[in-house]
Amino acid sequence: MKRKLTMFLTLFFLGIGIISAQTQVRGIVVDDAGEPVIGATIQVKGTAQGTVTDIDGNFTLPAPANGTLVISYVGYRTQEVAVTANPRVVLVQDTELLDEVVVTALGIRRERKALGYAVQDVSSESLQRTGSADLAKSLQGKVSGIDIKSTSGMPGASSQIVIRGARSFTGDNTPLYVIDGMPIASTAAYSTGSSVTGSDISNRALDINPNDIESINILKGQAAAALYGLRASNGVVIITTKSGKGVAKGKPVISVNQTTSFEQVSRTPDYQQTWAQGIDRNYSPNSSMAWGPKISDLPNNPTYGGNVANSRNGNDATKYKGMYFVPQREKAGLDPWVLPQVYNNWDEYYQTGITSTSGVNLSQATDKGNFSFGLGYTDQEGIALNTGMNRINAKAAAETQLSDHFTLGFSANYAITDIDKLSGANDGSLAGVLGAPSSYDLKGIPFHIPGDPYTQIYYRSLTFDNPYWVAKNNTFNEKTNRFFGNGYLQYATKLTEAMSLDVKYQLGLDNYTTHYQDIFGYGSKGAKGEINNYGITRSAYNSLVTAVLDWHINDDFRLNALVGNEINHITRKSYDQYGTEFNFGGWNHVNNANTVTASESQSRERTVGFFTNLELSWQNMLYLGVTGRNDIASTMPRDNRSFFYPSTSLSFIVSELSAIKEIDWITFAKLRTSYAEVGQAGTYLNNYYSKPAYGGGFWTSDPILYPVGGVNSYISYDVLYDPNLKPQNTKSYEFGATLQLFDNRLGFDYTFSKQNVKDQIFAVPLAGSTGASSLVMNGGSVHTDVHEFVLNATPVKTKDFSWDINLNLSKIINMVDELAPGVESIFLGGFVTPQVRAGIGNTYPVIYGTQYKKNEKGQILVDEDPSSPSYGMPMAGDPGVLGEVTPDFLLGGTNVFTYKNISLAATLEWKNGGSMYSGSNGLLDLYGLSQRTEDRESTFIFDGYKADGSKNDIARGGKTDLGAYQTLYSDVLSNIDEYYIYGNSFVKLRELSVKYFFPKSVLPKLDLSLNLFARNLLLWTELPNLDPESSQGNNNMAGGFERFSLPQASSYGVGLNVVF
Amino acid sequence: MKKNIIKSFLLTGLILFNISCSENLMDDLNKNVNDPENMSTRLILTDLMTSTAFSVTGSDLAFYSSVYIEHNVGIYNQSYNAEIRSNEPTSSTTYNNSWNALYSNLRNLKIVIEKCSEGGEEEGNFHNLGIAQILTAYNLAILTDLMGDVPWSEALQPGIIFTPVIDSQEDIYSNIFTFLNEGIENLSKETTFPLLGTQDFIYGGNAASISKWIKFGNGLKARYTMRLSAKTPKYDDVITFASSSFTNKSEEAKFVYNGTTSISPFYKFFTDRNYFGASKSLNEKLISRNDPRDEVFFKPAPGQSAIEFAPNGLPSQVQNRYGISAITTNTAPTYLMSYHELEFLKAEAYARKGAASLTLARESLKKAIVAAFTKPNIGFTVADAEDYFNTSVAGRLTSPEAALQEIMVQKYLAFYEEEAIEAYNDYRRLTAMGNNFIQLSNPLNSNKFPHRFTYGSSDVTTNENVRSAYGDGSYVYTEKVWWAGGSR
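Quick mapping for you: the protein sequence lines, in order, are chains E and D.
Just so we're aligned, residue 1 is where the first sequence starts under the numbering used here, counting upward by one.
Just so we're aligned, residue 10001 is where the second sequence starts under the numbering used here, counting upward by one.
Rather than coming from a laboratory, the hints here were simulated on the basis of the structure.
Any given hint might turn out to be false.
[Unchecked claim] Some chain D residues near chain E, calculated using beta-carbon distances under 8 Å:
#1 ASP10035
#2 PRO10265
#3 ASN10463
[Claimed, not checked] For lysine-lysine, the following BS3-like pairs were computed, each having C-alpha atoms within a straight-line distance of at most 25 Å:
#4 E:LYS995 with E:LYS799
#5 E:LYS45 with E:LYS368
#6 D:LYS10110 with E:LYS691
#7 E:LYS573 with D:LYS10031
#8 E:LYS1005 with E:LYS251
#9 E:LYS754 with E:LYS811
#10 E:LYS368 with E:LYS249
#11 E:LYS691 with D:LYS10254
#12 E:LYS946 with D:LYS10448
#13 D:LYS10007 with E:LYS504
#14 E:LYS528 with D:LYS10299
#15 D:LYS10007 with E:LYS494
#16 D:LYS10249 with D:LYS10375
#17 E:LYS726 with D:LYS10031
#18 E:LYS245 with E:LYS494
#19 D:LYS10031 with E:LYS691
#20 E:LYS525 with D:LYS10299
#21 D:LYS10448 with E:LYS853
#22 D:LYS10448 with E:LYS854
Glycine is no exception: its CB is placed at the ideal position from the N, C-alpha and C atoms.
Construct the entire structure; sequences and hints are all you get.
This is how it looks when you write it as structure tokens:
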């Protein structure tokens, strides 16, 4: 005590002494390009005195004449200069990027070079270049080893990130999302199941406002993520949101941004424009087909033509010469006689979508802490009628230094998301947009009878609704309210000179409620409609305590040890109200439904984890990391709940070897390796009874709905649970190398990783003869070999101009080695055939369905029976695997050109290989709409073989065989699923942006930048007519299956960013 | 001091551990509050009746049977493929839903039987036991009648036996009779357990329902005894069993739909799929005998003014062109066993016994025709039916052989369309017995008549025993089931 007092007094008087000898320093801080550095911190060494540079890089500060100034700025090397009256400080950019600190598991900050595994980060700058409202979409092409599947260009469309292939057949393969240290839900609350009916369901990563993100780190491998235990197997996306931390102390920083973009449907199919609605070359005004007569011949139709005397024209062939009679126009009260015409129903339907994103953020840092407050608003109107999204994001974060040892802080986020969607596949809202014959005026003919809005007028039977009627009467909506955030208290102390202890307790909450409405209005499909209201409230609480001991043992060794405990507790409550048969139109409410059923579901789960992390480093050359975590999961069966997972990693900085250190052009070289075991828990329940359900099969709605006449029944549920369930186990190892050359102008990073996943938990399909459909048990294994390659280069760098390249190449081989005994494959989604499934010996997943009948050589055989209508045409063979969904490789590349205040960035993505079931393409042929069905008059020889091995020479079609094309496309090929399989390789210009920073000389008081951009410009694809990235499903079948799926959009926009 | 800190740390950890994750607590957290883990048999049986009627007898199997037996013509999609014998008849996915429904019913029935048997929770609940046994026999018979040799002795043990072996139809049939005999015996016992009441969707669950279930059991014994006629004809047994069965329409085993929360399967198939056209060959059969039902069986497709009949085997694949069934309504019942079927069985047995019982055969046939004509969705009066019998039918019953043919043709017509499975079974049995009474006109039948239905894909893909028996599915065109003269 006495000593302290002495020190204090000494300092006090010394201080007075210093003050008495002060000079006023007026200096300027510039960067190596001579541009002023704004907000650089200037501190008098050894004191708390300091200031920041102003907008012109100038600063004024009283300082002792013999003192030293410390000038620091993020991204630049900290400099010390002796006090002079007018110093000019040139800050040098910190090119040693590899000394940069990255956030790893549980928020542990580590030097990048110490990591024995691959992590990749994406800057906020790169994320926000094109103002996408969806985080996953803005990551496309920017990270290696990950596959991002987006399903459509609809507002709020689901998209998922899969890192290094799939580990689970039917479960979740998407990574854990951690925002500011708090794990949050990112997956959809409901799976779209087989994805053949209903609408898409957004995944909850959508609630994250990309504008709030400061940085994203992706922990790709299991070793990187192992500290997260049971949730680590799919990798982790660590998001750090903007806070006041990075802001220069002193005055508040306000940033405002506004982005507006315009969306257009990304592709228009090529339609034939010669043939009218009908079949067998006959005009048939209610047919879904376009196998009718030539459009120009419609006036000559005996029943509907104006050139022929018939009952419709009062047997007067002169009155409506050159015209024909359209019954739908008559129904609509219009003049039914029209001139034949070709309509582009696709382009006429789609509108220009508008996305507007506004954000404002206020941040300030003080000596005692910092805070940040942000608001964001996204308003999106889709390219399809009556679709859109509104999202409001609010966030606040603050941190305050309570004392020398204690820090208190919080981060809170609130999001309101409201999405209007449409449905796909068998409920295809836009089936008629794709499928309307060119002769039918879909937009021009009213969609309902005058005075009766609920009786549709349509060109075909009401298996599907008229898309214009859909926009007025059907509703697919989801509304989410979400809060997530955490508060923390941190205690840091130095135990000795070389040892420090850091203890942190964090309590987080992630709570959301989503209400969904799927309404087929009164009159839908010619019936009385139905309504489904359902929703879920999910709350997750996360308690996390960590203690970190950092010990510089001696000059060579340093130990960093962490122990901790995490409790994650989740409760869910969901409801479902289903009503059928509205009494009358205009009131699409459950109270207007004649039959209503309801159900609810509640569940709780908890995971308790104890973990440790040890890191030992030697000099700056060797870094060893070891982690261990024991998880106890409530969702597993009794006495089978506790699991331990270890990992270890080693990083060796080769460039620290003296022999290599001498080589000039090698800036940095590192070898790394790691091994990890992680698990994934399943959900175990005791076998139970449930109310029988009668959906599926031929039924579009439940034919039997309990209670039947007030009577209920319960039968043994057909999914059973194995009481010996254990978690599925992933063992993975990883090797990697990083090489930085020529002063970081050229860098390579390569990673090979192998994952062996055993004991997958899934509902193993049982033989029906067991009386049950599936057993939730362990079964099956997959392995994944992943090659990731990253290249960074700066080919040109001058004072004014620089060119930066970033390339990401991923090759992911994901093989199914084994399924449960006796099981050959498992169904992931789709129809009876075709379907998406996992099959032994195939990559995951594959498309399965009816193949062409082929000979031993694999050549397609044709029907040689002259009496058969399909003579000379292919035949349906056995079902089999038709194609693999996984691409051979993915290559993403970004080029950034910077010239003075202008930067141009372009991100391209090339997906090579992989295939999909394109139901829409097949149907365009079946209906006789596609351009390939334009020629119906010449002869053709189908490209196939005869049974004797000779090439098919049977000519069909021509003047004497006019129905042959219709038979081929409409009857023969339509029954062969293989015909619907297309390669969907593509090259897309994901992003193109030009950003202009207004120079300081023009606007000295603020930072202003203007950004012009375009997104999702398709350059080339193997898939005809449609965008290869529109598909069904928010689950593991996504990307491989399409049928009346909603289209993708291209967008063009402008963004403005102001900081003052 | 340090030790205390460590101690308190450990203690805190221990407390934290106990309050956060003890096994009991975790059990409690994982408790399924949404679904019951146990159930009384009265609440299980209800759906077994529903599922037997709707999923097994009433829908997919009946739809395909009605195509093969030419009650309907498949004019679109799957039904069209079945009509033109492309893919559907040989594919293991075609009947998979029904296959699974059958075994699901059988497993739940096994649960009911175990609960009501010795040592079970409801030991002594003889009536529920008997009903479960009769429904087991019924489901099992449909399964083997359509699919032939199927897994049975090792079936229904999920998680224990993953790949049940296939048993012979002959053995399964002996099991069917055992279930029926035991079921009738148990229903005849006294029990202290309450009646099913409204949980009994077939007979209403009142005191009188028990005797009706017994009659249903006896009726099934008659049906299945007749089924084996090509193997072991026992016509006296058929008559004996039939005589202990239904005496009038009110006793027949049928499932009635309310039209809102339960919808007749053929009606639902029409509204949801619209895959059927009116059968040309059926129409021709009716016209050739001047049958008044020709007027009530069919109607034009929506939007059409006249009925165009679909040519069997050769329709165009087009909807809303061919005529459709006019007896399809949202409340049309599913017959598990109709009173007219019972009288037809009797009539056939009498006719097969020869001239001595021809009069009895006539009587039964008349009762059968009256019952069939007065079905609610047919709507003729008793007088209409009797008039028809006297003018169009009676004259044909000149000899036992002629009577036999007329009985079987009348049965075929009466079974339109809700009893298509039995019509299909009869056709195959008659063919095996050399009685080509029913002429089908699908030209593809020359080498592609489906003699059976394929196994379900859930077994073909997971059970090697079934997979090898299934092969590529083409066996359906060549191999008859055991009772129809085949070997498996």
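So, going through the hints one by one against the coordinates:
1. ASP10035: 4 Å, holds
2. PRO10265: 7 Å, holds
3. ASN10463: 4 Å, holds
4. E:LYS995 with E:LYS799: Judged against 25 Å, a Cα distance of about 18 Å means the pair holds.
5. E:LYS45 with E:LYS368: With Cα atoms ~19 Å apart, LYS45 (chain E) and LYS368 (chain E) stay inside 25 Å; holds.
6. D:LYS10110 with E:LYS691: Holds. LYS10110 (chain D) to LYS691 (chain E) sits at ~18 Å (cutoff 25 Å).
7. E:LYS573 with D:LYS10031: 14 Å, holds
8. E:LYS1005 with E:LYS251: Since the Cα atoms of LYS1005 (chain E) and LYS251 (chain E) sit roughly 13 Å apart, the hinted pair holds (cutoff 25 Å).
9. E:LYS754 with E:LYS811: Status holds; Cα separation ~12 Å.
10. E:LYS368 with E:LYS249: 10 Å, holds
11. E:LYS691 with D:LYS10254: 22 Å, holds
12. E:LYS946 with D:LYS10448: 22 Å, holds
13. D:LYS10007 with E:LYS504: With Cα atoms ~20 Å apart, LYS10007 (chain D) and LYS504 (chain E) stay inside 25 Å; holds.
14. E:LYS528 with D:LYS10299: 24 Å, holds
15. D:LYS10007 with E:LYS494: 22 Å, holds
16. D:LYS10249 with D:LYS10375: 9 Å, holds
17. E:LYS726 with D:LYS10031: Holds, because 18 Å separates the two Cα atoms, which is no more than 25 Å.
18. E:LYS245 with E:LYS494: Answer holds: LYS245 (chain E) to LYS494 (chain E) is near 22 Å, not above 25 Å.
19. D:LYS10031 with E:LYS691: 18 Å, holds
20. E:LYS525 with D:LYS10299: Distance of about 22 Å is within 25 Å: holds.
21. D:LYS10448 with E:LYS853: 18 Å, holds
22. D:LYS10448 with E:LYS854: 21 Å, holds
When the structure is compared with the earlier hints, no violation turns up for any of them.
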